[in-house]
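Peer 1: The residues making up each chain are set out below.
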Amino acid sequence: MKVVILAGGMGSRISEESRFKPKPMIEIGEKPILWHIMKLYSFFGYNDFIICCGYKGYMIKDYFVHYYMYQTESTFDLGADRTQIGHSKAEPWKVTLVNTGLHTLTAGRLLKVKEYIGEDENFMLTYGDGVANVSIPALLDFHWKHGKIATLTTTQPAGRFGTLRIGTDGRIEQFKEKARKDQSWVNAGFMVLNREVFDYLGDGSEMLEDGPFEALVRRGELAAYRHNGFWAPMDTMREHDDLEALWKSGQAPWKIWQ
Amino acid sequence: MKLIILAGGQQSTISNEREGIPKPMAEIGGRPILWHIMKYFSEFGIREFIICGGYKVEMIKEYFMNYYIYQSDITVNLEDNSIQIHKKHTEDWKVTVADTGIYASTGQRVSRAQEFIGDEDFMVTYGDCLSNVQLPEVLKKHQEGGKICTLLTARPSGRNVILSVSEEGELIQDSALEETDAWTSASMYVFSPRIFHYLQGSYELDYFVKGVLAEQKQVTLYKHPGFWLPVETRRDLVAMEGMWNAGIAPWKKWQD
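Chains as they are written, first to last, in this note's numbering: chain A, 49 to 306; chain B, 2 to 257.
Since the hints were made in silico from the structure, they are not lab data.
Predicted, not measured: the structure shown is a model, and the values here were computed from it.
Incorrect hints may appear among the rest.
As the list claims (entries may be wrong) - Just a few of them, taken from the derived set where beta-carbon distance is under 8 angstroms, the chain A residues facing chain B:
| no. | residue |
| --- | --- |
| 1 | Lys87 |
| 2 | Phe91 |
| 3 | Tyr94 |
| 4 | Lys109 |
| 5 | Phe112 |
| 6 | Val113 |
| 7 | Tyr115 |
| 8 | Ser136 |
| 9 | Glu139 |
| 10 | Pro140 |
| 11 | Thr144 |
| 12 | Leu145 |
| 13 | Val146 |
| 14 | Asn147 |
| 15 | Leu150 |
By construction, the Cβ of each residue, glycine as well, lies at the ideal position given by its N, Cα and C atoms.
Chain A with its partners taken away, still in its complex shape (with noise of 0.2 angstroms):
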C-alpha cells in the first residue's frame, strides 16, 4: 500500500527554520522530520512513497536524489570523471515526488497525486510535520473492519495547561496538572483512505478537513482510530526543540526502529 505525505505547506508557524526550507525538512536529529515519518511506516513494511511537494520543493528532490549515494562510501576519480559507489546503507524506498504546487490546497495536492496511487484501492496519508508511534497494523485494522471510505487517527495532544473547575463565586474547587485525557481529540492525520475519497474532492480548491471531510462525515463514511501512544505535532520552534531533546535523550517514543 501506498503512503501519501504531505509536504508542500508553506509552513508559515515555524518561520524561523521555514524560512529556509519547506517544513517536513526540518531536521531533528540530522534527519527531516520527513524522513523520520518515513521510517515509522518502512518500520511496518510499508516502502512506497509519494511526497506531495511544493513551497521549496526542490530540496526534498535533491534530498531524494542524493540519498543513495549519502548512505555510503563513494569514490570519485575526477581524473576520469568516474564515481564508484559502494554498497548503501540506504532504506527499500521507492519515493515518488510530485510539484502539487505552491499554494495549492490540501484536497488539490492529493488529487495531483492521484495519478501515481494508481489503481490502488486504498491508500494512507499522513501530514509531514508530525511523527507518532501509531501502530499502523493496528490502524489498517481497524479500517478494514468498519468498512468506511476513511480513517484518521485520533488523539489526545499532550497536555500545555492545567484545568480548573470554577465555582460561580470564582473558587476553584478543583485543579488538575496538564491532564492529557481532559484534552480533546484531534486530527493527527495517519490517514486509511479508500480511493472513493476522490469523489469527495470536487475540484481541490479547498482544504481536505474542510468540504471533503465534512461531506464523509455526513454521510458516515469517516471513522476515528483511537490512538493513545505518543503524537507530536512540529508547529512552533518550541516543539521543534522538544522532539530534538527527545531524540537526543535516546528515548524518542516515534523511533521503534533500530
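Guided by the hints, dock chain B onto chain A, whose structure is given.
Peer 2: Same frame as chain A, but now just chain B:
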C-alpha cells in the same frame, strides 16, 4: 539571437536564504528571477542563453543541471538508486553557464562570453530586471539604427521614481509627470559583435555605453513605455511576488 544574462554580482540578502545567493536566483512564485527572464525572452523565439555567473555560480549550474528533475515529477528507487522521470517538463533552451569571476565588471563579463556569441548580433540583460519589452520592436529599431548598441530605456520605477516638483516646491500631479521626459537605462541592450573591439578594460557596461559608445554616436535609444522593474530590494521582490500570485505579472506572456 542569443541572450547574455549578467548574473555574477555580489550576494543578495533580499531572499529567504540563510546564506547569500546570487540575486538572479531569488525566487518569484517558486522559480528564480533568472527563469522568469528566460521564459519571457523565449516567448520571442530566443532559445540560447549565456549566463555570466560569478558569485556562487555553482548554484546556477546546479539549477540547470537538475532542471528537468525540478520541473518534472520523479520517482527515486533507493534500492538500486534509479530515477524515473514522469511527464518530462522542460524547455527547448540551450543554456551556457560561464564563470566570469567574482570581481569582474559587467563589461568584462560580456567580453568573457565572446567565445559563445559568434558573429551575430546579441542581447544583454541584467539578471535582476523584469519587463514586458516588445522585442520585435526593439530589434527593428536596432536594425534601422545600424549602430553598435541599442540601449533600452524605461520609465523609472519602484521606489526611485522621479518626481516633478514645481518651483514653489510643490509636487506636480501624476498626469504632468507622465509627460515629463524622464527615462532611465533599463539595463538591457542589443549589441553588434563589433562591440568586442571596443569593450576592453574594466568598464561597467552602462558606463561604457553612456560614455564611450555615446561619444562615438554608436547608441540607438529605444524607449520602452511599459512595465520595467529591477529587483533592488526585498520590497521589489515582494511586489513582484504579489503580482505573480494575483495573476497580473506583466512579464508573464506565456501559458502554464
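Peer 1: Kindly indicate which numbered hints from before are broken by the structure, ordering the numbers from low to high.
Peer 2: The structure conflicts with hints 1, 2 and 3, although it agrees with all the remaining ones.
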